[in-house]
Amino acid sequence: MKLELRGITKRFGSFTANDSIDLVVEPGEIHSLLGENGAGKSTLMNVLYGLLQPDEGQVVIDGERVHFDGPGDAVAAGIGMVHQHFMLVPVFTVAENVMLGYEYTKGGQFLDHAAARQQVRRLSERFGFDVDPDALVEDIPVGVQQRVEIIKALARDAKVLILDEPTAVLTPQETDELIAIMRELKQSGTSIVFITHKLREVRAVADRITVIRRGKVVGTADPGTSEAELASMMVGRTVQLTVDKQPFAPKGEVLQVEDLSVRDDLGRTVVDGVSLDVRGGEIVAIAGVQGNGQTELVEAIVGLGEDISGSIRLQGKQILGLNAKEIIDLGVGYVPEDRSHDGLIESFTVAENLVLSQHDRAPFGSGLLYHPAKVKARANELVGEFDVRTQGVEATAGSLSGGNQQKVVVAREMSRPLKLFVASQPTRGVDVGSIEFLHNRIVAERDHGSAVLLVSTELDEVLALADRIAVMYRGRVVGVVDGDTPRDVLGLMMAGVPEQDARRQAAEQGPTALTVQDEEARQ
Amino acid sequence: MSVTTDRIPEKTPDAPGEPTSATRRRGWAGDVLITVLSIVLALVVGAVLIAVADPRVQETASYFFARPLDMLQAAGSSVANAYAALFKGAIFDYGAETTTAAIRPITESLVFASPLVVAGLAVGLAFRAGLFNIGAEGQIILGAIGAAYVGFAWELPLVVHMVLALVAAMLLGGLWAGIAGFLKARTGAHEVITTIMLNYIARFLLAFLLSTTAFQRPGRNDPISPQVDSTAMLPQMLGSWSRLHLGLLVAIAAGFGVWWLLNRSTLGFKLRAVGANPFASRTAGIDVGWSTFAAMAIAGSLAGLAGAFQIIGTERSLTGGVSAGIGFDAITVALLGRGNPFGIVLAGFLFGALKAGGVTMQARTGTPIDLVFVVQSLIVLFIAAPPLVRAIFRIRAQGAGSMQVSKGWNA
Amino acid sequence: MSTATRERLPESSTIQQGPLRKPPTWKSPIIMGVLGVVALLAFGLASNAGDTSTFGMSTGAQRLQIPALVLPTRPAAIVLSVLCLVLAAVAAAAVRVKRPVPLAVPIGFAALWLLAFLVWSMAGEQVPLPGLLGGTLLLSVPLVFGALSGVLCERSGVINIAIEGQLLAGAFASALMASVTDSLWIGLVMAPVAGLLVAVLLAMFTIKYVVDQIIVGVVLNVLVVGLTGFLYGRVLVQNADVFNQPGTFSRIPIPGLIEIPVLGPALFNQTIIVYLMYVAVIVTQVALFRTKWGLRVRAVGEHPKAADTVGIKVNRIRVQNVLLGGVVAGFGGAFFTLGSVGAFGREMTAGQGFIALAAMIFGRWSPVGALFAALLFGFANQLQGTLGALGSPIPSEFMLMAPYLATIFAVAGVVGRVRAPAADGQPYTKA
Ligand SMILES: Nc1ncnc2c1ncn2[C@@H]1O[C@H](COP(=O)(O)OP(=O)(O)O)[C@@H](O)[C@H]1O
Ligand SMILES: [Mg+2]
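Chains as they are written, first to last, in my numbering: chain A, 7 to 529; chain B, 46 to 456; chain C, 2 to 432.
Next comes chain A alone, as it looks inside the complex (with noise of 0.2 Å):
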């Protein structure tokens, strides 16, 4: 089946988030579109299946149009997708949720469960899943949750398969897994659009690149284009992927955690024995893959976590058992993950978001009055000093682009006195110019002689900002290496192969799929 999609445009409201987007996927073919977060890509592959109309242009299949009014059209067309949030129902058990919309019966309206499961075994055989038909998704891990969304999209006889992201929740090794797999749909006549933004994994396994930016495409690759090249074109200058920073010339101890656990609300022990330290001056990151235990390690140490063991100090001083809001004064400043779910209030105003964590201490409160007027002095100072582009400190934090947004919760972060900030994925989904500001301020930070705690699935950003590394795995720090470790290593690392190991075999089988660089070596 080739698929074309001619001119497609779709904005939401003023913002245009795909402006005429052509795209050809060939029969058989492994398409990579590569693209900085909010580039478009899931809304272009949205628009391909139906969920978004698009204002202009048009899908061609076989040299037709065709036009999809819903999901169910585009399914019937023969695409399958698997989005990057997966779309599965945490209380229906594998069989159920693979039936869904497509239900096996009997007796007319009946549900046949056992049909559903006899075709759940019959794809994991083929493509070696180890999948069970009966258990709950909710009590499956994540990757084997992809895998039930790839069996969702063959059992509907997929012709072309969208994986939005697929990676992104994965380990290194579990993404050459993901990519066999691939390469084995593509044998077998699948057509694979392979969204990513990371450049590696494009090279390793794509058979054709498009490159978006901004809504627009900027042109298309092959995969012996260099990493370099293709970064460029991504983000549309060349980019700095090193941020200048001085030797770094750490003070005393200021974080150090011992021997903490954390389980979470069922139980589960998510954070394992971790012990770490982080010194005045220096910036000490965390990389792994997202969900191994580092967003409940972080929690912990901020004060907002629950069921928690071990120990935690703050220059000797036990911060394990206070309260987010003991830990704030104490000189703590977080940025989490989540920005607009954890770090701040959308319909609240700049100014109040600016002192949201301190409307109640002098200036700004003074028992139970809260002054506004001081509010608004401090966050006119504090726009000016973080440059966020705002029409004014009256303006909600929801109007602001996620850049601006970012800026806010640092800005707020920074405006006090820390011995140590802890910064959650602080460039997710921010611009690139943002992003510099952000990571030249983190670093700003650090030679001021705060402790510095980054979280990071990006390794490149791990690899432009850190001191030390930290990798952790199921939970458990897997090794603390220096800040120029190569990616290889860390890569395995991050699969749970202790630093030793990790270094003999990056050096004796050479590198993975993943960490091919040369491209002439692989074929």
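Think of the hints as simulated: they come from the structure by calculation, not from any bench.
Just so you know, these numbers come straight off a predicted model, no measurement behind them.
Take these hints with a grain of salt, some might be off.
[As the list claims (entries may be wrong)] If you want the footprint, here are the derived chain B segments under chain C, 3+ residues with CB under 8 Å:
1) 230-239
2) 371-378
3) 425-435
Positions of the beta carbon are idealized from the N, C-alpha and C atoms, including for glycine.
With chain A fixed as given, assemble chains B and C with the ligands onto it according to the hints.
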């Protein structure tokens, strides 16, 4: 509003009275327009009901095709009579013989409005803190119990007695709502469910108390308490020709108080923050559970005040029907006032007037007062869905969208 | 205290280690133990040694007559309490070995405990059991219909606070239409139509205009109270023999089944409305959990976007279910008039719609669960009436409070947490 916020609507609930920058600038006039049109529409629907249910109209309708004017006349006069009676009962009785009788209706409206305003504030304040307080009814009952008990069981000097009755009402009302706040904070139990349940529990508790010797009036078998002492009564403000009592001023002061609390106090900042985004509030070190409890407790004490007005303002003794549905009216008052304290005061006046007028309308024209419920609920439905009103009147979109407060049982 | 436990996106779901299901807590064995001890002390040991409790076992409608059961109050209550404690021990044993407590244990516990209570409260009295159970059933009929309406709506993700209004509308329409047409059957058909009209408003405002679902429900209740009250005062009262004298359905004993001891006369000597209730519960239960339609409905209520991506029309299903719910609740409204009282009265549903909501929650959003919850609430109400007539040891108001208290305990997680459909209450809009 930018693209990033439109994307995830559930994260930015458009709580009533929580203006976004866009609605703040252009929406105000739009809100007023929508409100006025909603009132007009609701009255029109009410008029249709009056006409249809009128026996004379039905009679004339039977020969509509022979003499259509008859029916139109009958309909017109029945509507005109009913609404004239409503106006006379609510604002100004132009047919009355004495001046005091002529202006008595508006004072009567204010009497009805006083408890509505404070109870409306109870619901509205909770809205701003992200809580849907359906429990004003039960909180009013508890407040009435407190005020009544202090009023008839204790003997105290003039002002002290009244103040203590008010305080007792606020304490009990706050406590009752505080239960729901506490359960929400501690266990996540949804306040809509718990407050509904607490309403019924309060009602049965009241019925039980009125059968005990502590509360039942000596020598009576029916559920009624002794009269409260005159030292505990809220003073009449205009003399004996009107029932208007000090509660009105208390209610208006409460409106200012709630405005101050929300906009000029650190506690109010916390309540609003938790109402708008509990997750970000928690991250910023605000104690979400405590704020939830505080919001409910304050709301409950406002509703308790309404219960006190009923007892030491007008009724004088406690009966099973003391809450008189004010707690449910309060929800419509808060919605009409869009969660804004001054809006709520005005909405309370409007619905108080409808009630006072409704009583007169029923007495003079036989039009059941239930019509007022219809008009009230329609007003709120219309203002809750501005697109509908705009469609009916063919106005182009401006100002606020539809009303969203709650986020489902699990939120 | 924290309400702000975060919901995580699937992408950040945590790593999997150890047992996935939350281990059972000690809460329920402890509560059962305490209640068991209370039963033993209060119902058993504290009752008078000589008393007997007498339970009538048959009614005149049965051919087979069983003699009344005369129980010595004290020993019987003690035995029942001890059995309660045994079940508490079973639960404790299960928790010890970290097994989930089988559902039969708390249900059996509740039944035994209530029996102990009944034996104690009937000390020195006589009460016909079939009458008690039949009365329970009748009191729970509108609750069951209302709760089914709630289940239908909320399983698809729309909160229905307007059950009360739908019941009231059904009661009004059935009384009016049955009187005017002089046909009970036409009245019975018009009740669901009235419920449907309320549901149309609910669907229109919540789904088309995306107004807050709880607000709409609350306001619709006021609207229906106002409308029915207005028409009642203006029309029905003025001319009651034309407009408000529908009469009631008569009972249809089912031959054979009615002979079942105790249960027969309670369950199978009822009106058509009650029989249709049995059908409604079974059909809804099967349809929701065994059919294609049910799978889709539940998917829409749990994760509408996921349903959308497989081609299910989310809002169409929601509208359908809200309307269906209106029909069911409206039908239940007919019970007030055609099934029991025989005339409409102002606000005659008196908050039953809210107990129905409670029954739905207590029954964990399942039709059969709601049925049992409604029966439990009906039992409390019936017992209150019976005890009131006999001069009871407990003030009747406290018995009347029981359903509401039970619901608060349920949502507060005192007796195992209840969980609503994940997307319940959240409007679904596409960008
Ligand atoms: N439903 C929506 N409403 C408004 N803006 C949206 C919506 N969906 C996406 N956007 C915006 O469109 C842009 C592209 O988003 P998306 O397609 O998700 O990017 P990508 O998948 O490439 O990371 C972003 O700026 C995002 O904020
Ligand atoms: Mg995307």
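Here is how each hint holds up against the structure:
Remark: the segment 230-239 of chain B is confirmed as covered by chain C, as 9 of its residues place a Cβ nearer than 8 Å to a Cβ of that chain, reaching the required three. Here's how the segment 371-378 of chain B fares: 3 of its residues keep a CB closer than 8 Å to some CB of chain C, so the rule of at least three is met and the hint holds. Beta-carbon proximity to chain C at under 8 Å applies to 6 residues in the segment 425-435 of chain B; the threshold of 3 is reached and the given coverage holds.
Against the hints set out earlier in the document, no violation occurs for any number.
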